[in-house]
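Peer 1: The lines below spell out each chain.
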Amino acid sequence: MTSQVGRIAEWPHDPRPLPGRVSPRPGKILKPRKPLKTTMLLLRAIGLMLLLTMANLSPSEAAEADLRATIAKFATAANFSAIEAVVRELAASGDPMVERPLSALADGNLYIRKADTGVFVGKEAGDAVGLLDPLSGEKAADAAKADLTKIKVNNGLRRVIRDALGTLTLRAKDPGVRLAAAATMFKTPDAANIEPLDAAIAAETAPGVKALFKQARAASVLVSDKPDADKLAAISVIAARGDRDAVSLLTSVEASAQGAVKEAASAAIGAINSTLAVWDAGQNIWYGISLGSVLLLAAIGLAITFGVMGVINMAHGEMVMLGAYTTFVVQQVIRTSFPGLFDWSLVIALPLAFLVSALVGLAIERGVIRFLYGRPLETLLATWGVSLILQQAVRSIFGPTNQEVGNPSWMSGSFDVGQLAVTWNRLWILAFALTVFAVLLYVMKRTPWGLQMRAVTANRRMAASMGIRTPWVDALTFALGSGIAGIAGVALSQIDNVSPNLGRGYIIDSFMVVVFGGVGNLWGTLVGAFSLGIVNKVLEPYAGAVLGKIVVLVLIILFIQKRPRGLFALKGRAVEA
Amino acid sequence: MITGRFFVAGADRRIAITIFILLAAAVVVPVLNLAVAPTSAFYIPPYIVALTGKYLCYALLALALDLVWGYCGILSLGHGAFFALGGYAMGMYLMRQIGSRGVYGNPILPDFMVFLNYKELPWFWTGFDHFWFAALMVLAVPGLLAFIFGWFAFRSRVTGVYLSIITQAMTYALLLAFFRNDMGFGGNNGLTDFKDILGFNVQADAMRSALFAASAATLALAVFVTAAIVRSKYGKLLMAVRDAESRTRFLGWRAENVKLFAFTVSAIMAGIAGALYVPQVGIINPGEFEPSNSIEVVIWTAVGGRGTIVGPIIGALLVNAGKSWFTGMLPEVWLFALGGLFVAVTLLLPKGIVGMWDSWRGKAKALRAAAPAADAGVDPEAPELKIVRSAARAPGAWSAAGPEPQPAE
Numbered sequence: 001m002t003s004q005v006g007r008i009a010e011w012p013h014d015p016r017p018l019p020g021r022v023s024p025r026p027g028k029i030l031k032p033r034k035p036l037k038t039t040m041l042l043l044r045a046i047g048l049m050l051l052l053t054m055a056n057l058s059p060s061e062a063a064e065a066d067l068r069a070t071i072a073k074f075a076t077a078a079n080f081s082a083i084e085a086v087v088r089e090l091a092a093s094g095d096p097m098v099e100r101p102l103s104a105l106a107d108g109n110l111y112i113r114k115a116d117t118g119v120f121v122g123k124e125a126g127d128a129v130g131l132l133d134p135l136s137g138e139k140a141a142d143a144a145k146a147d148l149t150k151i152k153v154n155n156g157l158r159r160v161i162r163d164a165l166g167t168l169t170l171r172a173k174d175p176g177v178r179l180a181a182a183a184t185m186f187k188t189p190d191a192a193n194i195e196p197l198d199a200a201i202a203a204e205t206a207p208g209v210k211a212l213f214k215q216a217r218a219a220s221v222l223v224s225d226k227p228d229a230d231k232l233a234a235i236s237v238i239a240a241r242g243d244r245d246a247v248s249l250l251t252s253v254e255a256s257a258q259g260a261v262k263e264a265a266s267a268a269i270g271a272i273n274s275t276l277a278v279w280d281a282g283q284n285i286w287y288g289i290s291l292g293s294v295l296l297l298a299a300i301g302l303a304i305t306f307g308v309m310g311v312i313n314m315a316h317g318e319m320v321m322l323g324a325y326t327t328f329v330v331q332q333v334i335r336t337s338f339p340g341l342f343d344w345s346l347v348i349a350l351p352l353a354f355l356v357s358a359l360v361g362l363a364i365e366r367g368v369i370r371f372l373y374g375r376p377l378e379t380l381l382a383t384w385g386v387s388l389i390l391q392q393a394v395r396s397i398f399g400p401t402n403q404e405v406g407n408p409s410w411m412s413g414s415f416d417v418g419q420l421a422v423t424w425n426r427l428w429i430l431a432f433a434l435t436v437f438a439v440l441l442y443v444m445k446r447t448p449w450g451l452q453m454r455a456v457t458a459n460r461r462m463a464a465s466m467g468i469r470t471p472w473v474d475a476l477t478f479a480l481g482s483g484i485a486g487i488a489g490v491a492l493s494q495i496d497n498v499s500p501n502l503g504r505g506y507i508i509d510s511f512m513v514v515v516f517g518g519v520g521n522l523w524g525t526l527v528g529a530f531s532l533g534i535v536n537k538v539l540e541p542y543a544g545a546v547l548g549k550i551v552v553l554v555l556i557i558l559f560i561q562k563r564p565r566g567l568f569a570l571k572g573r574a575v576e577a
Numbered sequence: 001m002i003t004g005r006f007f008v009a010g011a012d013r014r015i016a017i018t019i020f021i022l023l024a025a026a027v028v029v030p031v032l033n034l035a036v037a038p039t040s041a042f043y044i045p046p047y048i049v050a051l052t053g054k055y056l057c058y059a060l061l062a063l064a065l066d067l068v069w070g071y072c073g074i075l076s077l078g079h080g081a082f083f084a085l086g087g088y089a090m091g092m093y094l095m096r097q098i099g100s101r102g103v104y105g106n107p108i109l110p111d112f113m114v115f116l117n118y119k120e121l122p123w124f125w126t127g128f129d130h131f132w133f134a135a136l137m138v139l140a141v142p143g144l145l146a147f148i149f150g151w152f153a154f155r156s157r158v159t160g161v162y163l164s165i166i167t168q169a170m171t172y173a174l175l176l177a178f179f180r181n182d183m184g185f186g187g188n189n190g191l192t193d194f195k196d197i198l199g200f201n202v203q204a205d206a207m208r209s210a211l212f213a214a215s216a217a218t219l220a221l222a223v224f225v226t227a228a229i230v231r232s233k234y235g236k237l238l239m240a241v242r243d244a245e246s247r248t249r250f251l252g253w254r255a256e257n258v259k260l261f262a263f264t265v266s267a268i269m270a271g272i273a274g275a276l277y278v279p280q281v282g283i284i285n286p287g288e289f290e291p292s293n294s295i296e297v298v299i300w301t302a303v304g305g306r307g308t309i310v311g312p313i314i315g316a317l318l319v320n321a322g323k324s325w326f327t328g329m330l331p332e333v334w335l336f337a338l339g340g341l342f343v344a345v346t347l348l349l350p351k352g353i354v355g356m357w358d359s360w361r362g363k364a365k366a367l368r369a370a371a372p373a374a375d376a377g378v379d380p381e382a383p384e385l386k387i388v389r390s391a392a393r394a395p396g397a398w399s400a401a402g403p404e405p406q407p408a409e
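Here the protein sequences line up with chains A and E, keeping their order.
If you count the first sequence from 1, position 174 lands on 174 in the numbering used here, and the numbers rise without skipping.
If you count the second sequence from 1, position 35 lands on 35 in the numbering used here, and the numbers rise without skipping.
Worth flagging that the hints you see were computed from the coordinates, not collected in a lab.
Think of the CB as a built atom: it goes at the ideal place given N, C-alpha and C, for glycine as much as any other residue.
A hint or two may mislead.
[Claimed, not checked] So the derived list for chain E, only partly shown, Cβ under 7 Å to chain A, looks like this: (1) A173; (2) F336; (3) T346; (4) L347.
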C-alpha cells in the first residue's frame with residue numbers, strides 16, 4: 001500500500017500513465033514498468049536542467065512567463081468551454097513544460113488559491129494541501145482545503161487534454177515517451193493525427209521511433225479519405241510491422257475498403273498470419289518451458305522426499321503454500337515498516353521461506369513420518385492428514401481469500417523477442433528453477449551431506465554400520481526437501497493466487513513429474529518437468545486447456561504402465577526393496 | 001490353530017449379526033418413519049432417514065475399498081471415481097425421467113442440454129430412459145473402467161504407492177473431464193432437479209424410506225458377498241497376494257488376475273453405492289470425483305479397521321456422523337479433526353477400531369488360557385506366540401515388525 005501512496009505523491013513528476021499499461025494480474029498493485037521508471041528519472045533530470053538554465057536564459061524565461069500568463073487564465077475561466085480554450089492555448093505552445101499542469105488538471109489536482117487567484121498543482125495531505133508551482137513543480141506553499149478552489153473537469157475536457165498531451169509527447173525529449181505516444185496513435189488511428197505525425201517524422205532522429213511514427217501515420221492514412229495510392233503504400237508499411245495489431249487494423253480496413261485496397265489488405269493479412277503461426281509455435285514452446293519451470297520448482301522438493309527417501313509426502317503442496325504465505329508476510333512487514341526495501345522482498349523472503357518450510361518439515365518428520373518408515377501407504381495417509389491440518393491452520397490465521405503478493409519492479413513487465421512476448425517474472429522463475437536445481441544437484445553429488453543421504457537411501461543398515469546417524473540424515477533430508485518446496489512457494493506466489501488451496505493444485509502434477517521422470521533421479525525430474533510442460537502447452541491450442549491436461553494425465557498413466565519406474569529408472573538391487 | 005478357528009467362528013457370528021442388524025434397520029426405520037405418528041417418541045423424521053441412508057451408501061463404498069485395500073493390499077485413491085460413475089449412470093436415468101417437466105419443457109433433452117444448444121441427445125444417453133439399462137450401466141461402467149485400468153496396471157506390476165498415485169490421477173482426469181460442458185454430463189452443475197424414480201416421486205417420504213431400505217439391504221448383501229469372497233479359497237489367495245506378492249507368484253499363482261478380480265468387484269460395489277446415493281441426495285456433480293473425496297473414503301476404512309468386514313461400515317458411519325456434527329457446530333474445526341484423525345489412526349490405531357477390539361479380546365482370551373496352562377507346567381510364553389501369529393492375519397501387521405522392508409518383498 002505504501003508504495004502506491006508514494007507513487008501518487010510523485011505523480012506530478014510522472015508523465016501521463018503509458019496507455020495500455022495493465023496490471024499483470026487483476027487485483028495486483030499497479031507498478032510502473034522499467035521503462036517508465038527510467039522515464040521518470042529522465043524527466044526529473046530534464047526538469048532540474050530546465051530549472052538551472054531558466055535563471056540565465058532569457059528566451060526560455062520569456063516563454064515561461066507566457067505560459068504562466070496562460071495558466072493564470074484558468075483562474076478566470078468560468079465554464080468548461082473556457083477551460084478548454086486555455087488547455088488548447090497551452091497545448092499550442094508546444095512546450096513540454098505544460099505537461100505537468102495539464103496532467104494535474106486531468107487528475108483534478110489543479111487548484112486556485114482564493115486569496116490571490118494563483119494557480120497551483122495541489123498535493124493533498126489530510127486537511128491541508130501542499131501547493132506546488134504548476135511549471136517547475138517546486139513546493140510553493142501550504143494551504144487549507146477551504147482556501148482553495150479545485151478546477152473541475154469533465155470527460156470531454158479530459159479527452160481534449162489527453163489528445164493535447166498525445167501530440168505534445170510526440171516531441172518529448174525522452175524517446176520512451178515518444179514511442180508510447182506513437183503506439184497509442186497506432187491503436188487509435190485518426191485522420192487528424194496525420195499532420196502532427198508528419199511534423200514529428202520530419203523532426204525525428206531516432207530510427208526506431210521514426211519507424212513507429214511512420215506506422216502510426218500509415219494507420220491514420222488508412223482511416224482518412226486520402227487517395228488509394230497513399231493507402232496502398234500505408235498497407236505495405238503496416239504489413240512490414242507483421243504483428244497481431246497490424247492484422248486487426250488491416251482486418252478492419254479489409255472490411256470497409258473496396259477494390260485494390262481491399263485486396264492488398266487481405267494479401268497482407270495472409271502473409272502476416274503465416275509468419276505469426278511460426279511465432280505462435282515458438283510462443284507455445286516458451287509457455288511450455290515456463291510451465292515446465294513451475295512444475296520443476298514444485299516437484300524438485302518432492303524429488304528429494306519421495307524420489308530419494310521414498311517418503312510419500314502429500315503435505316508437499318502445503319510446504320509450497322507456506323513458502324508463499326511467508327512471502328506475503330514478509331511483504332506485509334516491508335510495506336508497513338520499510339517501504340524502500342520492497343524490491344528486495346523476494347530476496348528476503350527466500351531464506352525465511354526455506355526456514356519456515358524446513359522447520360515444519362522437520363517437525364512432521366520427527367513427529368509423524370519417522371514412525372512410519374517402511375509403510376508407504378500409511379505415510380501417504382498420515383501426511384494427507386497433516387496437509388489438511390496445515391491448510392485449515394492457514395485458513396484460520398489468514399482467512400480463506402486470496403492474499404495479495406506484489407511483484408517487485410524487476411519482475412514485472414515484459415519485453416518482446418520478435419513477436420514473442422516474454423514476461424520478466426516467467427523468465428526469472430525459469431532462471432530460479434534452474435539455479436535451485438543446480439544447487440540441489442551439487443549438494444547431492446558433491447557434499448558430505450549428500451553422500452550420507454545417498455548412502456542411507458542405498459543401504460540403511462550398512463550406512464548405520466559405517467557410523468552415519470541415519471535418523472538425523474532422514475530428518476535433515478526431509479527438511480531439505482520441504483525447504484526447497486518453501487522457496488518454490490516464493491516463486492509461485494509471483495504467478496499464482498496465494499490462497500490456502502495453493503498447494504492442492506500442484507500436488508498431483510508434482511507426483512506425475514517425479515514418477516514420470518523416474519523416482520530417485522534428479523535429472524529425471526528436470527526432463528520430466530520440461531517435457532510435461534511443453535507437451536501440455538503444445539496440446540493446449542488444439543485440445544483446449546482442460547482436455548490437454550486430461551490427455552497428458554492419460555498419457556502419463558499409460559506411460560507408467562509401460563515403464564513403471566519412470567523415464568530414468570534406477571537400476572540395481574536396491575530398486576525392488 | 002485353536003485360536004485361528006475361534007477367530008473365524010467369531011468373525012462368522014459377527015457378520016451374521018451385522019447382516020441381521022442391517023436387514024432389521026431396512027424394515028424398522030421405514031416403519032418408524034411412515035407408520036408412527038410424528039408426535040411419538042419413536043418417530044424418525046425424514047431428514048434422519050435421508051441422512052442415514054446416505055451414510056449407508058458411504059459404508060458400502062468403504063466396504064468396497066476394504067475389499068481391495070484391506071484384503072488385497074491395493075490402496076486405491078480413486079474409488080470415488082467408481083462411486084461417481086455409478087452415480088452419474090443413475091443420474092442420467094433420473095434426468096430422462098424428468099421428461100417435459102423441466103424448466104424448458106423439452107420432452108427429450110434435459111434442461112442443461114437445451115441451455116447449451118444441443119439439438120439431439122448424445123449417443124451415450126440412449127437407453128437411459130429404461131431403468132434396467134441404467135441399472136446395468138451402474139454395474140458395467142465402473143466395472144469396465146476398473147477392469148481396463150486394472151488390466152494394464154496389474155499386468156505391468158504397478159504396485160504400492162505408484163498404483164495409489166495413478167488411481168488418484170485417474171479420478172483427477174475424470175474430474176477435469178466431467179467439469180467440461182461439452183462432455184454432455186451437465187458440466188460444473190452436474191445432474192440435478194430429479195422428479196421421479198420408477199414412477200414414484202423421488203422426494204416423497206415413502207420413497208426416501210424405500211431408498212433407505214434398499215441401501216440397507218444392498219449393504220447387507222454386500223457384506224454377505226464380501227464375507228463369502230474373503231472366506232473362500234480365493235480369499236486366502238487375496239490375502240496371500242497382500243502379504244507376500246512375490247511368494248505367491250513363485251508358488252505359481254497369477255497375482256495380477258487375483259487383484260484384477262478383486263478390483264473389478266470392488267469397483268462395481270462402489271458404483272452401486274453411488275447409484276443408491278444420487279437419488280437420496282438429489283444431485284450428482286463433478287465434485288464427487290475430487291481426489292480428496294477418495295482419500296476420505298480411505299480414512300473411513302482405516303478408522304473402522306481394514307481387513308475386517310464390519311470395520312469399514314462402523315468407520316464410515318462414525319466419521320460421517322462426526323463430519324455432520326462438526327460441520328454443523330464447529331465448521332472451522334472439522335478439517336483439524338479430520339486431519340488429526342488421519343494422523344492418529346495411522347500412528348496409534350493401525351488396525352482400526354475393530355482390529356484393536358479383536359486383538360484386545362484375543363489377548364484377554366489368551367491370558368485366560370495361559371493361566372491354567374502355566375499351572376499345568378507349560379511354558380506360559382507359548383500362547384503369546386500364537387497370538388502374534390493370529391494378529392499377523394490383520395493387514396499391516398507384517399510391516400509393523402520393523403522399519404526395514406521384509407525379505408519376502
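Peer 1: Evaluate each hint against the coordinates.
Peer 2: How the hints compare with the structure:
{"no.": "1", "hint": "A173", "in the structure": "holds, 4 Å"}
{"no.": "2", "hint": "F336", "in the structure": "holds, 5 Å"}
{"no.": "3", "hint": "T346", "in the structure": "holds, 4 Å"}
{"no.": "4", "hint": "L347", "in the structure": "holds, 6 Å"}
Consistency with the previously given hints is maintained throughout, with no hint failing.
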